[in-house]
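Number of protein chains: 2
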Amino acid sequence: MAAIEEGKVSDGLAGPLDQMECVSFPPVNRFAICGGTHGNETSGVYMVREMQKQKIEKVGSVSITTVLSNPRAVDACKRYTETDLNRCFTDALLSAPITDSTPYELRRAHELNAQLGPKGSEEAVDLLCDLHNTTANMGLCLIFYSLDWITLHIYKYIQSKITSVPVRAIQLDIAPSEAYSLEAVGKHGFAFEVGPQPNGVLRADIFNMVKEGVDLTIEWLQQFNSGSTFEGGEVEAFTFAKSVDYPRDPATSEIAAAIHPQLQDNDFKLLRPGDPIFLSFSGETVKHEGEELYPFFVNECAYYEKKTAFHLARKSTLTFPSIRVKKD
Amino acid sequence: MAAIEEGKVSDGLAGPLDQMECVSFPPVNRFAICGGTHGNETSGVYMVREMQKQKIEKVGSVSITTVLSNPRAVDACKRYTETDLNRCFTDALLSAPITDSTPYELRRAHELNAQLGPKGSEEAVDLLCDLHNTTANMGLCLIFYSLDWITLHIYKYIQSKITSVPVRAIQLDIAPSEAYSLEAVGKHGFAFEVGPQPNGVLRADIFNMVKEGVDLTIEWLQQFNSGSTFEGGEVEAFTFAKSVDYPRDPATSEIAAAIHPQLQDNDFKLLRPGDPIFLSFSGETVKHEGEELYPFFVNECAYYEKKTAFHLARKSTLTFPSIRVKKD
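These protein sequence lines map, in sequence, to chains A and B.
Last residue of the first sequence? That's 327 in numbering that gives the first Met the number 0, and every number before it is there in order.
Last residue of the second sequence? That's 327 in numbering that gives the first Met the number 0, and every number before it is there in order.
These aren't lab readings, by the way, just hints derived from the structure by calculation.
These numbers come from a predicted model, not from an experiment.
There may be inaccurate statements among the hints.
Since the list can't tell identical chains apart, any single copy or any two copies may satisfy a pair.
Said to hold, decoys possible - Capping the alpha-carbon separation at 25 Å, the derived lysine-lysine pairs in PhoX-like fashion look like this: (1) LYS57 x LYS268; (2) LYS286 x LYS326; (3) LYS77 x LYS306; (4) LYS314 x LYS268; (5) LYS286 x LYS210; (6) LYS54 x LYS326.
Using the sequences and the accompanying hints, generate a full structural model.
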């Protein structure tokens, strides 16, 4: 079931779902759209630049802030220059003192937290959406930490409007204080993760998916702020279970196999015991063992260094109530 | 028509093609297979490592040298560290003195030229095959400089054996002294260019294409050296005509459009005047103008920095004679 953080339900209707009719929330007026948090994930870079060029700062009730999160990494067309910016937004790292030896990305995280947060405060932007790409065949995914009903409704809305590509939700079950990525800075937040797209390459089809996701989010915010009631219901979400590393040569620790062709490009297709997952360079097949789970981030480029060939998830059904804006 | 470099036909049969029955060549015994010339093109890296692990140094009449061309770039998973190694093999650069300020890759080019060449000399390996990947949807391509009949026959052989993916030939019409890439160091040489594969990602399907190409090359060399006659005939090849840059913002020089979805992934599909080639971030279509040509390297990651969105080629038919090994 969808968790909701304390303080977000402002009208006292929180309680067991079957007792709730409609939950009301304050308006979601201040919307931050960030790109280039990873400098070689191009959709967000060009999306943010285009919105800045067109001076899109206000759409109806929604004020929009666009941010190029990691300009040095964008210029170098690298994921990051010194450390992964999108692992810098835990409470501990955001409260650590800045010294001469602080990596560029951690200093940048403090700047972003000052501009868009501070994380966990009343001053934080109402909604933060961070734009990412993956080399995995994941279509359009929304990634959340603890689910909240605003972001779940946005997900449901986008899913109902986009039919050209699968739209899915991924939940990382991590406490707010430990939440490490940029979207955790907003009062509400999620990442768009869109692929497949090679790092450093810009594909029009993927760019257009990201643009459609952003446009639909703004559309939803407008309708929500203007008083529309959004009906409750159910959605499916994938909850992170564990990561799987590549088979490695015991002598050199180098990878000894590639993702099996039957798994490659089949993100979110249920993996059963005995299904092939790796093909070694000498031609042997490695099979999945253990419980049935859903693979995602299959052959994501950036995860080689994190020793992850793919993640596995459980699928669950999330039930959530109708919501509407809180009247003054 | 296929050009053949002076000195390669050793039995005096060179001449107008209709006068030739069968051209003979010395055995092609010494075969060098190079990978990691670009450090983030993984097929060659893992192919070379696997052959070294399996100690594949001799297959029948063929002695095999495997080389990881740019180990620093491989370790960093970058195309190169200081300058593009695969632009360092011109006669001028290979004869330039090495100084303290010489980039790593140029020093490495001198080492490779000493190991596998020297370029243009009798000591050079008989055949050099360099393994590359592209983010473009190019299938399996063999890239040659001036075509010679050994490499054309290898191309024809591979094309006749691989049916799962298109196999094509690309000719760069560049004089030997100006030939800048590693394969120019061998007496005969070509690059395998295989895609689509993101930089830094290893796909089993692409790895297997590269492996099949290498295995078939070795098979051909064995048959050639053992006295088989290979029948002449015709093949199609694509000859580089020109490069096309992205539309750019006049103020910032940043790219203002992506490859159009109708061109993306359609390498080698004839481009006619009026066909869409770019889609701007604000939604406008840019169309192809001028003569009908064949696009290739469409949206190749590494060519963003070279200001190339795609190359264009002419298609031609190459006629070549039967060949056999020269008897002592």
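Discussion item. Please sort LYS77 with LYS306 into within, between, both or neither, judging by C-alpha distance up to 25 Å.
Written reply: Both, since 18 Å and 18 Å are each at most 25 Å.
Fill in: Up to 25 Å CA-CA - LYS326 versus LYS54, copy category
neither (30 Å within a copy, 75 Å between copies)
Fill in: Identical-chain pair category, LYS57 with LYS268, by Cα at 25 Å
Answer is neither: 40 Å inside a copy and 43 Å across each miss the 25 Å cutoff.
Discussion item. One pair to classify: LYS314 and LYS268, alpha carbons no more than 25 Å apart. Within, between, both, or neither?
Written reply: This pair counts as within: shortest intra-copy Cα distance 11 Å, inter-copy 41 Å.
Worksheet item: Under a CA distance limit of 25 Å, which applies to LYS286 and LYS210: within one copy, between copies, both, or neither?
Response: between (38 Å within a copy, 23 Å between copies)
Worksheet item: Given a CA cutoff of 25 Å, do LYS286 and LYS326 count as a within-copy pair, a between-copy pair, both, or neither?
Response: neither (56 Å within a copy, 51 Å between copies)
In summary, the structure is inconsistent with hints 1, 2, 6 from the numbered list given earlier, while agreeing with the others.
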